[in-house]
Each structure stands twice: as C-alpha cells, then as structure tokens.
Amino acid sequence: MIYLDNAATTLQKPPGVRQAVLRAMERCANPGRGGHAAARLAEETVYRTRCLAAEYFGLEPEQICFTANATEGLNAALGSLAGTGDRVVISGLEHNAVTRCLTGLGARIVPVAAPLFSREAWLEAFDRALIPGTKAAACLHVSNVFGALLPVEEIGALCAARGIPFVVDASQSAGLLPVRPAAWQAAFVAMPGHKGLLGPQGTGLLLCRQQPRPLRFGGTGSRSVEQTMPEELPDRMEAGTLNVPGIAGLGAGLAWLRSRDPAALLAGERALLARAAEGLERLGARCYRGPGQTGVLSFRLPGLDCEEAAEAYGRRGIALRAGLHCAPLAHRTAGTLPEGTIRLSVSPMTRQPELERFLRVTGALLKKR
Amino acid sequence: MHDLYLTVRSVTPAQKGWDALLRAGLDCRMLRAPRQTAPKGCGYALALAVRDGAAALRVLDRAGVRVEGVWRRLPEGGFERSGMGL
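As they're listed, the protein sequences go chains C and H.
Residue numbering for the first sequence follows this note's numbering, starting at 1 and increasing by one per position.
Residue numbering for the second sequence follows this note's numbering, starting at 370 and increasing by one per position.
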C-alpha cells in the first residue's frame, strides 16, 4: 500500500517505536503505583518520554501531560478557560475537536475568516476579533485540511497584550515545525502523539503553561488521602493508569525525530507536496496550495466525487482521505462545502516513487471517467 | 547508609530530583515514601546519606523540585523529622 493519509495518523513508524511498545508491554507495570522493579521501570520509561518531550518543546518535564489524543488535550485546555456564554475567538479552520468542544461548553464561538494562505490576513482577522470581553482564543498551527500555516506566534502576542489566554492545536505541525509554547505565549498547546511525533495511536500531549482544570478525576499514586485532585502537574491531569506502552513508543518516536535534521525533514516533505501538486495540476486537478503549506495537500479531480475518487484510489492500493476531515468549519471558510476535498498527506517515510505511482493512478482515473 | 529521606509529592518530582542528585554526584535512591513520612498517603522519597542532606536540598531547590519533608531514619526503627533545610 502507498500510504498518503499521514494527517490522520502516521502508519509507518521508525522500528524503535514498535520495539519500545513491546518492551513496555512485557516489562512495565503501573507507574507511581508500587515500589517493585516493574513499577520502577514503568516510572523510568514514562519519565524519559516526558523529558524528551520537555526538551523538544522547551518546557519543564512537569509541564508535559500525557493524554489519549489531541482532542482530549483540547477538551482539557478549552474546558479550563471557557464556559457557558463565554466569547471564544477561533480561526475559521478549526477541527471539530475545538468547535464541538466549545459547543458542548456552551461558549459563544467567534470564528474568524481569511484567505487560506495569507498570514497577514489571518493576523488582521484575529486583531479585529480579539476585543475586550473575549475569554479565550484558539487557533491551529497548521490546518489539517489545507496545510495552511497560521501565524500563531503573532496571534499569541496579540492575545498576551490583551490578557486573553491562548490555546494552540499543534496536531498537524508537531514533529514537523518548531512548536514553541513559550514563544507563542500560549496557555496550552495540544497535540497527538501518533501523527508527526511518530508514536502509537492512543497517545497525545498537553503542554501546560497555565494551571488546567482536570478533565478526569481519580487516582494519581500521590497524596491518596486527599479527595481533591492534586494541584501539581502532571498529576493533576493524569488520573488513572497511563498508556505506558504507548508512551514508551512515543518516546521512541521523539528520539527518532531528535536524531534527524528538522530542517531537512520539513524541506523533504514540502518538496514531496510540491511535486504532488504540480503533477496533479498538470492532470487538471484543482489543488489548494500556497506559501508555507506544510504536510497536507487538498485537491479535487474534475468530474469525480471526492469520496468515490478516494475509494478508487483505495482499490488501487493508495490510501488517501476524502470528505470533510472532521473540519466542516474549515471547508465553509474555504468554500469547499458540502463535498469537501481529497487530502494527501506525507510523512518522513513517504518516498518520491510512491508519489509518481499516485500520479500515474490519478491519470488513469481521470481517463476512465 | 541512606538514612535521610527527602519526601516529594509524587513520582514525577521524585524522578526529576533523582536525576538532578545523580547528576550532581550525590549517591541516592528513589523509593516509595514510608507511611510515617507521607501523612497524606502515597508519596515518594529520595534517600541519601545524612552528610549529603544540605547539598541535596540545594540541588533540588535549583532543579525546582519541592521537598515536602526531611526525615531521618532512627536506628531503632521509624523516622523523626529532621531540622535540616525547609
């Protein structure tokens, strides 16, 4: 199979990830719940991943909270900042992980719109919307549908100047672009562990620069007599047994990334996307592309329904995702509702010949139409 | 002998403290805090020689690890609070 659905999850992982998961399953007990060797090994395993993440994102180990996915992190972050009737400004490219969460909280959602790849326009749109009375702002770093890169550092500076806590969804950028919560002046940054960080599914990170409200309540292996959740991070956000095998695998993913040149990884992925876009456009496809685009390319094929086209690719051994990508707001902003787009997304494991095969298959699909 | 127990709230500060102490060249063990030293239940301790106590507290302070209690193991068993640090 040629796997071009890396924005959903990176299927191909460095070999060390699988080995770390297996090792943890075989040897690690419950961290923080015992003093025996298997519990200590689990503690050491979890702490090493926490330290790797802390170093990678420029934070202290205790500011790294493990979650099951980015959605859980975003729910925790937004739930800590907003409630019923609160005005929350978001980009018009947000995923349902943000919009459904805010809807569930009863917040007053204020989406801002701008041309997909215009950083200046996004910044101006946020500047206009971040008025007094705004309780929080949320913005993704890179759009999961279009790969558009948003100016989160500048938006964070606007928020900080106005005393508005800022949440960043780094789901599509972590592992590929520098994620710097302090430079972004972000209260929270959420991300999955299983996409660009190359860990297993069921892992995620919430980076905390502000005290969060717990999303789950329960045992932490600390101060068990007290019936309120600990104030200290990460315990405050990590009630219940952690996904130790997943965290071990995530650590291996982070270690692999640390051993590579990040600029080369980014340049390689951007070159692959550019090649795909050029080839698609030559075949008559409509591609959504622009400056700063990262990891993801949305396109449409003339005369072909997006979902049917993705099915046809699948039958020919090519994995892509079509439809709305859990981000109807992004499609509304871009004018691609109701059909959505076909999304191609690459990873460090994607190779040029795979893209050439994808383009040949695309040509055949268009001829058959 | 590791007769001085520096208690911390949970496993993460314990790991962080343990790392910092080892990096500073101080011999220490990380373990579950004995019941008497964790009145709120379930904590961790960094055990080290009494003579290293003052240096260890300085290292932990620099590392941002909050020490909850300083305890000394008694020869006859049990612990007493130490007047050191804090």
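These are calculated hints, taken from the structure and not from any lab test.
Computed from a prediction, not measured in an experiment: that's the story for all the values here.
Beta carbons: idealized from backbone N, C-alpha and C, even for Gly.
Wrong hints could be hidden among the right ones.
To be verified - Pairs of lysine to any residue residues, derived as SDA-like cross-links and limited to a Cα-Cα distance of at most 20 Å, are as follows:
1. H:Lys409 / C:Glu232
2. H:Lys409 / C:Arg27
3. H:Lys409 / C:Ala161
4. C:Lys367 / C:Cys287
5. H:Lys409 / C:Gly218
6. H:Lys409 / C:Arg33
7. H:Lys409 / C:Val225
8. C:Lys135 / C:Ala157
9. C:Lys368 / C:Asp305
10. H:Lys409 / C:Lys368
11. C:Lys368 / C:Arg316
12. C:Lys368 / C:Cys326
13. C:Lys135 / C:Pro115
14. H:Lys409 / C:Gly35
15. H:Lys409 / C:Met229
16. H:Lys409 / C:Glu226
17. H:Lys409 / H:Glu445
18. H:Lys409 / C:Gly219
19. H:Lys409 / C:Glu231
20. C:Lys135 / C:Gly106
21. H:Lys409 / H:Val436
22. H:Lys409 / C:Cys287
23. H:Lys409 / C:Ser224
24. H:Lys409 / C:Leu59
25. H:Lys409 / C:Leu233
26. C:Lys135 / C:Pro178
27. H:Lys409 / H:Pro444
28. H:Lys409 / C:Pro230
29. H:Lys409 / C:Thr99
As the list claims (entries may be wrong) - If you want the ones that stay clear, here's a sample from chain C, every Cβ over 12 Å from chain H, calculated:
30. Arg33
31. Val46
32. Tyr47
33. Ile64
34. Gly79
35. Ser224
36. Val225
37. Gly240
38. Arg258
39. Arg260
40. Gly323
Against the structure, the hints come out as follows:
1. H:Lys409 / C:Glu232: 15 Å, holds
2. H:Lys409 / C:Arg27: Outside the cut-off at roughly 30 Å; violated.
3. H:Lys409 / C:Ala161: 41 Å, violated
4. C:Lys367 / C:Cys287: Distance ~19 Å between Lys367 (chain C) and Cys287 (chain C) Cα, so the pair holds.
5. H:Lys409 / C:Gly218: Holds, at about 15 Å.
6. H:Lys409 / C:Arg33: 15 Å, holds
7. H:Lys409 / C:Val225: 5 Å, holds
8. C:Lys135 / C:Ala157: Satisfied, since the Cα-Cα distance of roughly 16 Å is no more than 20 Å.
9. C:Lys368 / C:Asp305: 14 Å, holds
10. H:Lys409 / C:Lys368: 71 Å, violated
11. C:Lys368 / C:Arg316: 14 Å, holds
12. C:Lys368 / C:Cys326: 30 Å, violated
13. C:Lys135 / C:Pro115: Measuring from Cα to Cα gives roughly 25 Å; hence the hint is violated.
14. H:Lys409 / C:Gly35: With a Cα-Cα distance of about 18 Å, the restraint between Lys409 (chain H) and Gly35 (chain C) holds, given a limit of 20 Å.
15. H:Lys409 / C:Met229: 13 Å, holds
16. H:Lys409 / C:Glu226: 7 Å, holds
17. H:Lys409 / H:Glu445: 24 Å, violated
18. H:Lys409 / C:Gly219: 13 Å, holds
19. H:Lys409 / C:Glu231: Since the Cα atoms of Lys409 (chain H) and Glu231 (chain C) sit roughly 14 Å apart, the hinted pair holds (cutoff 20 Å).
20. C:Lys135 / C:Gly106: Since the Cα atoms of Lys135 (chain C) and Gly106 (chain C) sit roughly 13 Å apart, the hinted pair holds (cutoff 20 Å).
21. H:Lys409 / H:Val436: Distance ~14 Å between Lys409 (chain H) and Val436 (chain H) Cα, so the pair holds.
22. H:Lys409 / C:Cys287: 60 Å, violated
23. H:Lys409 / C:Ser224: 6 Å, holds
24. H:Lys409 / C:Leu59: Violated: Lys409 (chain H) and Leu59 (chain C) sit about 29 Å apart, past 20 Å.
25. H:Lys409 / C:Leu233: Between Lys409 (chain H) and Leu233 (chain C) the Cα gap is close to 17 Å, so the pair holds against 20 Å.
26. C:Lys135 / C:Pro178: 27 Å, violated
27. H:Lys409 / H:Pro444: Distance ~24 Å between Lys409 (chain H) and Pro444 (chain H) Cα, so the pair is violated.
28. H:Lys409 / C:Pro230: The given pair, whose Cα atoms are some 11 Å apart, holds under the 20 Å limit.
29. H:Lys409 / C:Thr99: It is violated: about 40 Å lies between the C-alpha atoms, which goes past 20 Å.
30. Arg33: 9 Å, violated
31. Val46: Label violated. Min Cβ-Cβ 8 Å, cutoff 12 Å.
32. Tyr47: Given that some Cβ of chain H is not farther than 12 Å from that of Tyr47 (chain C), nearest at about 4 Å, it is violated.
33. Ile64: 9 Å, violated
34. Gly79: The claim stands: Gly79 (chain C) keeps its Cβ more than 12 Å from every Cβ of chain H (closest is about 22 Å).
35. Ser224: 4 Å, violated
36. Val225: Check fails; 4 Å does not lie beyond 12 Å.
37. Gly240: Nearest chain H Cβ is 14 Å from Gly240 (chain C), so the label holds.
38. Arg258: The assertion about Arg258 (chain C) holds, with a minimum of 18 Å to chain H.
39. Arg260: 25 Å, holds
40. Gly323: 40 Å, holds
Violated hints, listed in ascending order, are 2, 3, 10, 12, 13, 17, 22, 24, 26, 27, 29, 30, 31, 32, 33, 35, 36; each of the other numbered hints is respected by the structure.
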